[in-house]
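Q: Given only the sequences and the hints, what does the whole structure look like? Please build it.
2 protein chains.
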Amino acid sequence: MDRKGVLTVISGFSGAGKGTLVKKLLQDYDNFALSVSMTTRKPRPGEKDGVEYFFVDQDEFEKKIEENGLIEYARYCDHYYGTPRSYVEQQLAAGRDVILEIEIQGALQVKKKFPEALLLFVTPPSAAVLKQRLEGRGTETGDVIAKRLARAYEESEGMDAYDYIVVNDDLELCVRQLHGMIEAARSEPVRQSGFIREIREELKGFREGAE
Amino acid sequence: MDRKGVLTVISGFSGAGKGTLVKKLLQDYDNFALSVSMTTRKPRPGEKDGVEYFFVDQDEFEKKIEENGLIEYARYCDHYYGTPRSYVEQQLAAGRDVILEIEIQGALQVKKKFPEALLLFVTPPSAAVLKQRLEGRGTETGDVIAKRLARAYEESEGMDAYDYIVVNDDLELCVRQLHGMIEAARSEPVRQSGFIREIREELKGFREGAE
Numbered sequence: 468m469d470r471k472g473v474l475t476v477i478s479g480f481s482g483a484g485k486g487t488l489v490k491k492l493l494q495d496y497d498n499f500a501l502s503v504s505m506t507t508r509k510p511r512p513g514e515k516d517g518v519e520y521f522f523v524d525q526d527e528f529e530k531k532i533e534e535n536g537l538i539e540y541a542r543y544c545d546h547y548y549g550t551p552r553s554y555v556e557q558q559l560a561a562g563r564d565v566i567l568e569i570e571i572q573g574a575l576q577v578k579k580k581f582p583e584a585l586l587l588f589v590t591p592p593s594a595a596v597l598k599q600r601l602e603g604r605g606t607e608t609g610d611v612i613a614k615r616l617a618r619a620y621e622e623s624e625g626m627d628a629y630d631y632i633v634v635n636d637d638l639e640l641c642v643r644q645l646h647g648m649i650e651a652a653r654s655e656p657v658r659q660s661g662f663i664r665e666i667r668e669e670l671k672g673f674r675e676g677a678e
Numbered sequence: 468m469d470r471k472g473v474l475t476v477i478s479g480f481s482g483a484g485k486g487t488l489v490k491k492l493l494q495d496y497d498n499f500a501l502s503v504s505m506t507t508r509k510p511r512p513g514e515k516d517g518v519e520y521f522f523v524d525q526d527e528f529e530k531k532i533e534e535n536g537l538i539e540y541a542r543y544c545d546h547y548y549g550t551p552r553s554y555v556e557q558q559l560a561a562g563r564d565v566i567l568e569i570e571i572q573g574a575l576q577v578k579k580k581f582p583e584a585l586l587l588f589v590t591p592p593s594a595a596v597l598k599q600r601l602e603g604r605g606t607e608t609g610d611v612i613a614k615r616l617a618r619a620y621e622e623s624e625g626m627d628a629y630d631y632i633v634v635n636d637d638l639e640l641c642v643r644q645l646h647g648m649i650e651a652a653r654s655e656p657v658r659q660s661g662f663i664r665e666i667r668e669e670l671k672g673f674r675e676g677a678e
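So the sequences go chain by chain: E and B.
My numbering applies: residue 468 is where the first sequence begins, and numbers increase by one.
My numbering applies: residue 468 is where the second sequence begins, and numbers increase by one.
In case anyone wonders, no lab produced these hints; they're calculated from the structure.
Fair warning: there could be bad hints in the mix.
Since the list gives no way to pick out one identical chain from another, each pair is judged satisfied if it fits inside one copy or across any two copies.
To be verified - Below are the EDC-like pairs computed for lysine to aspartate or glutamate, each with C-alpha atoms no more than 20 Å apart in a straight line:
id: 1; residue 1: Lys-614; residue 2: Glu-668
id: 2; residue 1: Lys-614; residue 2: Asp-636
id: 3; residue 1: Lys-530; residue 2: Glu-624
id: 4; residue 1: Lys-598; residue 2: Glu-665
id: 5; residue 1: Lys-580; residue 2: Glu-665
A: Next up, the structure:
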């Protein structure tokens, strides 16, 4: 069988709980490899190279771009963020399912390069809940929250391009749904091409044997 | 919410166990409505009108075709078989998930009229197992089995047009997979259009409120 892993892209509104979801998904299920992004921003206290991000300088990042070594990248607040290609391709080839937690622009770039990727958009059950969650963190100023909500509005324009809208209301339920979507994706013809080819050959053999 | 049910089309090789699968799916889960086909063939002993099929004569069937009252139909062995439109549309509008168990040609017709329909192709784990199952029934002659296998080969050409390939090896597992695929389909943007519209409106409101 030439089964390849499923490339799952998880994005959605800031404050939708993507990080917690992904963490729980990796805890509850095997076979997932989490892709680590590359960035030119400086590590915050406690962040380790290769864990939260691969921390590189601008020259190194731009060299990666030129080499086509990133499957997506974007620039925010004067810093680059991107997904190294090699890790993703190695894991998929080994049959592992890869999770990318990235922004919407990046997600759409990935879909262009990997049309069989599964794009999941995580959202709270309503915009009111999103606002509450952002305010509830207590770590952001009103100004930052307003900016995040304005950005969420812009991002909501891209929701239709996703394969699934994942409403994160109950964490346990949401993780099960997410897992179910990835499970289902394993049965898509594009990932069953080896099986389809084999059964066709075998059926063809029967027909020729009967003639 | 304008949530509509999922229209699931189940087809696959004769001998793949579709009937048993569908029966178990309806037993194990609620919210499914099984569409009953219309045919011009005569009822077999024990078959009831409206249960196995709606039994009609040729004039009535052709009138239905003219009225655009069927979402798909085909002719086999001098008889018509088709799916009445009204039942399917009523159930979907009421938010119930509808199951159609039909042939491949019909499945592709449904996909044209209902692009958001979920097409599942049920197959045994190999052609050898398919052959065993057909022989194991003990009700068919070698000639009939050879014809079914030849037809399976032709049908295998259409597998790529399906959303999912469902390998029916273990019945329990297979029913759970099937259910998972239908569950996932509920989260597709096309079925979450009401939710997407609402959250966008709400986010837009926040932005305007903040200005």
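Q: The structure should be examined with respect to each hint, and the outcome stated for every one.
A: For each hint, the structure was consulted:
1. Lys-614 with Glu-668: Between. Shortest inter-copy distance 17 Å satisfies the 20 Å Cα cut-off; intra-copy 57 Å does not.
2. Lys-614 with Asp-636: neither (23 Å within a copy, 52 Å between copies)
3. Lys-530 with Glu-624: Close neither inside one copy (32 Å) nor across copies (45 Å); limit 20 Å.
4. Lys-598 with Glu-665: So Lys-598 and Glu-665 pass the 20 Å test across copies only (15 Å; inside, 52 Å).
5. Lys-580 with Glu-665: So Lys-580 and Glu-665 fail the 20 Å test inside a copy (27 Å) and across (31 Å) alike.
Hint check: violations occur at hints 2, 3 and 5; the rest are consistent with the structure.
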